[in-house]
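K.L.:
So you can see what is in the structure, the chains are spelled out below.
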Amino acid sequence: MNRLLLWFNQTGSPPNFDRFAARWTPWAFAVAFVTMAVGVYGALYSVPADYQQGESFRILYIHVPCAWMSLFVFVVMAMQSVIALVWRIKICELLAMACAPVGAAFTLITLLTGSIWGKPTWGTWWTWDPRLTSELVLLFLYVGVMGLYAAIEDRRAAARAAAFLALVGVVNVPIVHFAVNWWNTLHQGSTIRLIGPSKMDTSMLWPLLFTVIASKAWFIGSLLQRARAMNLEQESAKDWAREADGDDA
Amino acid sequence: MSNVYVAASFAVTAIILGWDYLSPQLKLRRVRRAIRLRARRDTNRKS
Amino acid sequence: MSAAPTSPPLLECRGLCFARNEEPVFGPIDLRVAAGEALLVKGGNGAGKTTLLRVLAGLLTPTAGDVQAMGMSVDAGHLVRGCAFLGHLHGHKGDLTALENLDFSAVLLGANRDPETVLAEVGLSGHEDHQARRLSAGQNKRLALARLRLSPAKLWLLDEPYANLDLDGIELVNRLISMHLDEGGGVLLTTHGAYAAPPVPIRTLELSA
Amino acid sequence: MSAAPTSPPLLECRGLCFARNEEPVFGPIDLRVAAGEALLVKGGNGAGKTTLLRVLAGLLTPTAGDVQAMGMSVDAGHLVRGCAFLGHLHGHKGDLTALENLDFSAVLLGANRDPETVLAEVGLSGHEDHQARRLSAGQNKRLALARLRLSPAKLWLLDEPYANLDLDGIELVNRLISMHLDEGGGVLLTTHGAYAAPPVPIRTLELSA
Amino acid sequence: MNAPSLLALAKAQAERDLRLVWRRRGDALQPLMFALMVVALFPLALGAEPGKLAKIAPGVLWVAVLLSGLLTLDNLFRSDLEDGSLEQLLLSRAPLAWLIAVRVAVHWTVTALPLLIATPLLAELLALPHDLLGPLLASLALGTPLLSLIGAVVAALTVGIRRSGMLLAVLALPLYVPVLVFGAGAVAAASQGLPWLGAIYLLGAGLALALVLAPLAAATALRIALT
Amino acid sequence: MNAPSLLALAKAQAERDLRLVWRRRGDALQPLMFALMVVALFPLALGAEPGKLAKIAPGVLWVAVLLSGLLTLDNLFRSDLEDGSLEQLLLSRAPLAWLIAVRVAVHWTVTALPLLIATPLLAELLALPHDLLGPLLASLALGTPLLSLIGAVVAALTVGIRRSGMLLAVLALPLYVPVLVFGAGAVAAASQGLPWLGAIYLLGAGLALALVLAPLAAATALRIALT
Ligand code: HEM
Ligand SMILES: Nc1ncnc2c1ncn2[C@@H]1O[C@H](COP(=O)(O)OP(=O)(O)OP(=O)(O)O)[C@@H](O)[C@H]1O
Ligand SMILES: Nc1ncnc2c1ncn2[C@@H]1O[C@H](COP(=O)(O)OP(=O)(O)OP(=O)(O)O)[C@@H](O)[C@H]1O
Ligand SMILES: [Mg+2]
Ligand SMILES: [Mg+2]
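Protein sequence lines correspond, in order, to chains P, R, E, S, G and L.
The first sequence begins at 0 in numbering that gives the first Met the number 0 and counts up one residue at a time.
The second sequence begins at 0 in numbering that gives the first Met the number 0 and counts up one residue at a time.
The third sequence begins at 0 in numbering that gives the first Met the number 0 and counts up one residue at a time.
The fourth sequence begins at 0 in numbering that gives the first Met the number 0 and counts up one residue at a time.
The fifth sequence begins at 0 in numbering that gives the first Met the number 0 and counts up one residue at a time.
The sixth sequence begins at 0 in numbering that gives the first Met the number 0 and counts up one residue at a time.
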């Protein structure tokens, strides 16, 4: 265990992380942009309109991946938080905190595209149904984590306090996910499976596959980028930061 | 007509992701400038 | 003094550094307080005395180095539980009377002295039933000193115990410290060096801004 | 000193008494501070120095007697507007930087000195851009002293100006007071007498608890 | 002892207050978040039926705005008291009422204006009929500054009391009632197709009056509270 | 260094906290006053029609209780932080979670219990049908301690932040939502003649869980916030 920790601390040391992030961020975004382009093309032009919902069903191709990400990112944040709290690894604190704004962005997209989609299909922008409500609560939780992190002066203490909140808040994730099963709601139940038999036709499924990959790659890119900026800001007095800055400035 | 909804949601997504992409880059640039200014001040003080 | 020189140190730290958001506040410090010893930390305004004391108590996490207090290592999760700490804040409720405050501290600390006599010792007799909020700056300080006297702790961490006290009060602090050392306790105290130092054999640590 | 002895007193009071809920805090006091004069109020902890100062500034209403400041009488509705007051609280915002705090004070007080030079005078150069909250106890005190220097007020009311300051800081307070007296101002200051008194011709008032 | 001009004073004070807000810009969003959450709590507590919600929407929105304003009120003078700035202000030669007016203006801009801007969104969440948005916005635009001004007087009165958050609420609410009655009343009238401009005019008149009187009253209250 | 017994500690802590409340007994009434006023504001904002009021009564009551609890939360640890008592507590040998549990119990007794007792009165003001009073009281009796316990964790986490009142609200409300949904849901179900005990059982289970976990979590949060 101890050796593992040591290894983690070494490869995860601030200068190493900076190099790592600088190296991989462009790749992650490259993958994201390409798959997104393909996926969006498929969604907008290649797939035929749905016989029930018409054109508006194309919103699915962004709504669903972003909705999945909104939950996934919170889980990642909670896992990083555990590591940050138990082993006090600095990079994990940064990564956990960098998750919050990305996750909040995905949650916001889910909420907005969902309500835009709701207007033509349900006839209203918003209702207080369990899934929508719990997703809104998820946004509040993200905002809360960001707010707490911003409100505390000492960066490391702030990260630990906010990580604790993320841990407490993670109970909301299963609520969002299972809301459609536990209560009867307006919102669609689980219909889509990327692996195995799905209730959706495969010919309509493939753009979704691309946008799902795109959202994952985007998350990685954005996470690295944010964590790198935070890392550099906190270490700005150190020598390596000056040298690293000299390299590409 | 429902194209409006599709366009709106794609636009919203583009805006939010654009913010998500740009804001850390702006922050990185700001941090870099601060580091450089500080380094310059330090060298000035030493010399 | 009365303690055997072989007793384990009450407080020991090696290579202790502290930085606030990457700005170093004090450099690597080694110090040791054994039973029967007092250590005086001296330094001008902003030298980092308060910060050092909070790090030693575990209320701030050091950037490097380690602290051992009463045989246990101190870090963020592990405060120096069972030490007596006197900070810039008094640590008693303004709405309770002097005696009520001490009564609570007595239970919390597991004291074996009587609050009322201790109050008299620090020169607050007659003020037992006054709310702490109504005491003057110096009287409040004396109330905090009474808590020290009450505490069964071996290790005392005192931040500027002399501030706000008149000549009589300074005398009182010195008396308390001597008694504590005689009973085999250890004291670490800070002062900015403008006046007063305890009249006991003492070692000094200089901090500079 | 430089002021003519016939100038009207900056502060004068006769038969001043103050009681809190019928408990007298200080007896009838007569005092006078003329231009170029300093008056040192001495007293142990709880003697009533802080209380006296607040009564003189109009922040507390006396039970008997009257106060005249700069030719106007002071009572509950009429504070001594235009005096410079240094209390136990610093009076600047922790969230603003040292310089921002002084800049605001400069406008508020109608100062005719430059905040930045004054900051340097009190030994805070290099801390201009630090938030006041991040300054240590002594540095905060120095910032409050800077405001005094900025103020065009003739009359200074200072409550324990020496507290929390190191030797250097005490020196600074004394220098500020001498300069102010030379410019024809008047100063009333309190201390519990444990140390330090200004090195100027001074009259003393003893308060006893 | 050259007294600074009123304009220079106002500028310095506004700059200082805005800077303080900026330093804690996280806090500035919080009244908005609070109102959003109160608005969200109601459908959750009532069970959501659009028809039922729409009926209570104007009332809930007004109450949410009022409460969120109420909760920020305590900050108006308290932090200045705690660090001694208020003493310094009282003992300076600057006209107190004028400084208070500036401060209330900044406070309203920072806490109420964002709420006003977000009102259409909040209204949508409560399914407020669209033709009521106009009256709602008008009543809030006139009502919130009035609330801030009245609140300032009460905040000044209670500033000497520690942890007065609740007491402040208890004292301010009775004074807020008329504003609420006319404000929410205007919207309610509009929803029933009745003339609603009368209530708005009344609010306007009240605002004009308060603009002149409230800063003076608050200055007096501050002096009373602190001496 | 004889460690004091848990019981003696609990007694001393409870006595101290109750005494502090007693010294400011005016403050202790304020949550009640606040809830009363929120309840009173609604008829004013909505225009009083008994039928309309009765329908929203359970929701309004729950929201009023929840908000008034929220507003007293900040005091739970803050005043102890400001005068340094909290440092002393952390540095003593006494078990922190246990002291926190005692403190939350006192806090609930002082702020929520009077509300619970006044609920029949408030319900009457909102014309709540009498047969709903039982479910309402049951849901509040189980829900309010749950709210206090959850709130304690958040209050501990934010205690290091000055003027965190609003931030506290923003952090706590999302965690309060499930309690509100089940609590108000039970009453709503009862009003439609549906079975409502299920929600009550869930609240009870949540309370049992929180009774064990929340003090520990709050103690951890306090240590995180203060070191
Ligand atoms: C504001 C409104 C909406 C919100 C907040 C929202 C939220 C969500 C969330 C959180 C998920 C992911 C659930 C999970 O992974 O467990 C999801 C999935 C989904 N949503 Fe929405 N949604 C909204 C509106 C809509 C609308 C209007 C439709 C279409 C009629 C829709 C269709 C879907 C579909 C098909 C899925 C995938 C379900 C699956 O997992 O198979 N959503 N939504
Ligand atoms: N919360 C804080 N955040 C950032 N910097 C701080 C903070 N508190 C203190 N400092 C800085 O750390 C340095 C040491 O402060 P500290 O309070 O330890 O000094 P001190 O030796 O106790 O001085 P004094 O005698 O004036 O009390 C100072 O330069 C101060 O500006
Ligand atoms: N707010 C108050 N209410 C009631 N009594 C008070 C209050 N403040 C101070 N006192 C009492 O008045 C007396 C004088 O207090 P004061 O603060 O003026 O003393 P001081 O001379 O400034 O002492 P120190 O040197 O300790 O600051 C004290 O005995 C104190 O107990
Ligand atoms: Mg200090
Ligand atoms: Mg005093």
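Hints listed in this document are in silico derivations from the structure and should not be mistaken for laboratory results.
Don't take every hint at face value.
Here are some chain G residues pointing at chain L (derived, C-beta under 7 Å) [as the list claims (entries may be wrong)]: (1) Q29; (2) L31; (3) I55; (4) G58; (5) W61; (6) A168; (7) L170; (8) L174; (9) P177; (10) F181; (11) A204; (12) L206; (13) L208; (14) L212; (15) L215.
We put the beta carbon where it would ideally sit given N, CA and C, even for glycine.
K.L.:
Hints the structure violates: just list their numbers, smallest first.
P.N.:
2, 7, 8, 9, 10, 11, 12, 13, 14 and 15
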